[in-house]
Each structure stands twice: as structure tokens, then as C-alpha cells.
Amino acid sequence: MIQFKVCFGLFRSNLIGEEFMGTDPNKIQVIPSNYGSYLDKFEFNPDTVFVPIGCKEQYEEHFKNYIGDTPVIEMGPPTNIELSKKDLKTYVGDKTVLSAIISPANAFYKGIVWRSTNEEVAAISQSVELIAKKYGSTEIIVCSNKDENIADTCLVNVYDHTTGIEISDDKLEINIGESYSLSATTLPKNTSDNSITWSSSNNESLNVTNDGRIRALALGTYIVKAKTTDGGYEAECVVTVVQPATSVKLDKHAVTIRVGSAEEIHATVYPENTTYKNVEWMSSNKTIADVNESGLVTAKKAGVAIIKAVAVSNTEAEDSCIVTVLQPVTGIKLEETNVELGKIGEMRQLHAIVLPEDASDKGVKWFSTNTSICTVSSSGIVVAVGFGTAVITATTEDGGFVAVCIVNVIDRLAMYDLNGDGKVSTADIQIIINEMKKPQAEQNSKYDLNGDGKISTADIQMIINEMKK
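Numbered per my numbering, the sequence shown spans residues 61 to 529.
Each hint should be verified, as a subset may be incorrect.
Here are the simulated DSBU-like cross-link-like pairs (lysine-lysine), alpha carbons at most 35 Å apart as the crow flies [what the hints assert, rightly or not]: (1) K170 x K155; (2) K312 x K249; (3) K514 x K403; (4) K425 x K346; (5) K193 x K287; (6) K497 x K403; (7) K422 x K360; (8) K393 x K346; (9) K312 x K360; (10) K312 x K145.
If you're looking for bench data, these hints aren't it; they were derived computationally from the structure.
Take these sequences, add in the hints, and give me the full structure.
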């Protein structure tokens, strides 16, 4: 309301001053300085007069000679003040006009007072213009000029004007169905308003929330923008949505290879629309079997290793193959290559050495060239079954390498039982001794047991050796 003062004439030698408020000259509000005053006359005739509560009858009496039957309406004091804003965000140098609503609308004494709790941050004039000065916070308080308890406040946050924006990621790859939180910071840091608007080039395929959290809904490449509320500065992130692998399948799950050889294993990544079909190959023991980036396995030494293929886009998608590396046989030899058996039924264990010592397959097959003379078991035991000569062969199961042993089966009893008593004893030795005493020309050559052309102690030693058997 526009406030104005009208002075009336003298009454009982007193100058009476009354204060009036109004925007409509036909409706005036009287704010008396002296409720006991009497008015001589109005300089205009209003159609309504508003007076404080409790003064209606008094003023009707005062005014009846001047305004006749003009209504006199009582008005109460203000009971509430409400600001147009409860909080305000503004920027250094900006000006904002605030307003306040006084209740009730017909309240008397509508005068109000404005103030700031921190005028270094923001100040407000009585013309309700707020001026932001520097970064910080303050409260703007408005109250009745008659009762400071009738008041309201507005929290004011003042920021420096934004000069730019930084985004946490300018390029990003994300799996379909997954979420990721982007963040952005306005400049200058700390003192600028960090209010940001997020947007996606295709919100149905790559959804972005108000706080920068994205969710991948469809494969493709999209642009997510962060825009400052103040200044409209922008930063963007290029987001590529990919299909990760869900499983890996190898074409082989068990392989046996020899040292020095190689075997290729193939991996298939699923699903078919997987963005990255690459796998990473690894070996549980590279000293036994190594694998390259193409899945080619190279055998290094005998043993077992596990070859694994892991999808590069999902380390939980994998498959494996058990690789058994064998050391191949390079040869074979027998501890004995000539054996003499002296009677039917005599046995001899032959021992084969498969080369190299760490050969994986040491299996050997035994064979006799004449089973009527001697037989041989699968473990290399030779048994004499007749007199004569046979060849025993040992053949490696891996590689087919062969070693032989010549077996002579003789009748030792007939050879060493010189006196024919059915046994070999010192009596037979004595025969040799007696024969040695004869002139060489008279000696019997059948006693030359070793066939060296003479009868000597060597022949005696042969009998002794036979006796020890």
C-alpha cells in the first residue's frame, strides 16, 4: 500500500495528525497516533475506512459527522510472513528481487524489515533487491516492523560463475545390461555451482539418470553429455556397449603328444554376437607344455599340463584341455647279449633297458626265434626246453626299437660229468689232473673243456664253476 499522511484542521486548539495507507482513495486505512483524537473533516469522502481492532465504535463516532454512513471495518495485526523463496541459488554479481506475503491480507501494520546474516556473501536492501557478493551462504530474514517474531527466512547460496566442466571419462566401454556411474565437476572447483544436466544421444538404448549413472540396454556407440546449469558448458563421453562372452568351448579336452611335437587346439566363443571373440591361452606348467596366442600347444617334457582358454571380455568364460606329454623311446639295449643255459628247464631273466631313461612308454615285447630250444615270457624270462641256439628279441612298444640276445642251450652234465656218475664233482676234477700229468701227445682231447687246444687248470676251473651252480 502507498502510505500518506493527511493533516486536518484545528480541534480544541490542537493540530491533529492522522496517518493513512491506501492504494485506492476510496479505501483508506487509518493508523492513529492518538486514539482519542477527533477529526474536523476529510478532504475527500472514502467509501470504506479500515481501523484497528477495538476502534470501530470509536471511529464511527469520530467520523459520522464527516463521512456519514461510510463503512468502518476493523483490521487485525499480521500473523504470518511468507517469503516467495525458501532457498535461493545465485551467482556472484547477480541481483535478485525477493517478495513477501503478509497474512492475513487485511492485516493492519504491513511494514516489514529485511536483513542478511552475512552481508559479505549477499546483501539485501529495503527495496528487496538481493545482491550476491562472493561465494558462500547466508540467510535473508524478513520480519514485521511491529513484531520481529513474525518472520520468515530464505537460505541463499552464492556461487562463482561456472567457467567450464570436466568429466570423469571421455571414452568408455561397457557390457550390455551393466551400469556405470559417470561424474563431472564444474570449474572453478569447489566454488562453482555443481548443478549438471545429463543426457544421452539415445536414452532408450543407453539410459542416463540425473546423477550420471548409465545403463546399457542395446549394443552400439552413444554419446553421453554433461551440461552445466550455469553457463551451459558441456563435456561428453563416448560410450560403446559391447556383448561380452558367456562361454568358451574347446574342440579338444584331452590330448596326448610327444616331446618336441605340437598340437593345435581351437576355441569358440559364445554367443555368436560376442563383440570380442579373442581368448587368452595359458598353461598350468609351461615346462611341460606351452601354448601360443593361436592355441598351438608345444610339448616340452614328459608330464601333464592343463591348457586353458579364457575369454578376454569375460574372465569367467573359460574351457580347458588336459595335455599329456610323452617322452618317446629312442632305443633299447639288453644287459646280456649272449646267454648259455646248461640243462633243460634252466631259466634266465633277461633285462631290457629302454632309452632314454625318462621314456614315457617302457613297454617291451619279447620273442624267441626258436621256441623248441627256449621260450621267453612277456617279462623276459628265458626257459631252456631243448639243446641248441635261439635268438631272443626285445622290441619296444613305442618306436619298435629292437635288441637281441643269443641263447645257447648245452648239455653241461654230459660235458662236465667226465666219469659218468651222473653228477659234476671233484672226481671229475681229478680226471683232469690225471690227464694233465700225461705227455701232451697222450692226452685225450675230450677233456679240453674250453677248447683252447690244451688241457690245463682252466679246464679245472670250468668244472669248479659248474659245481657252484
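Against the structure, test the hints numbered earlier, and report the numbers of the ones violated in rising order. Hints 2 and 10 are the ones this structure does not satisfy, whereas the remaining hints hold.
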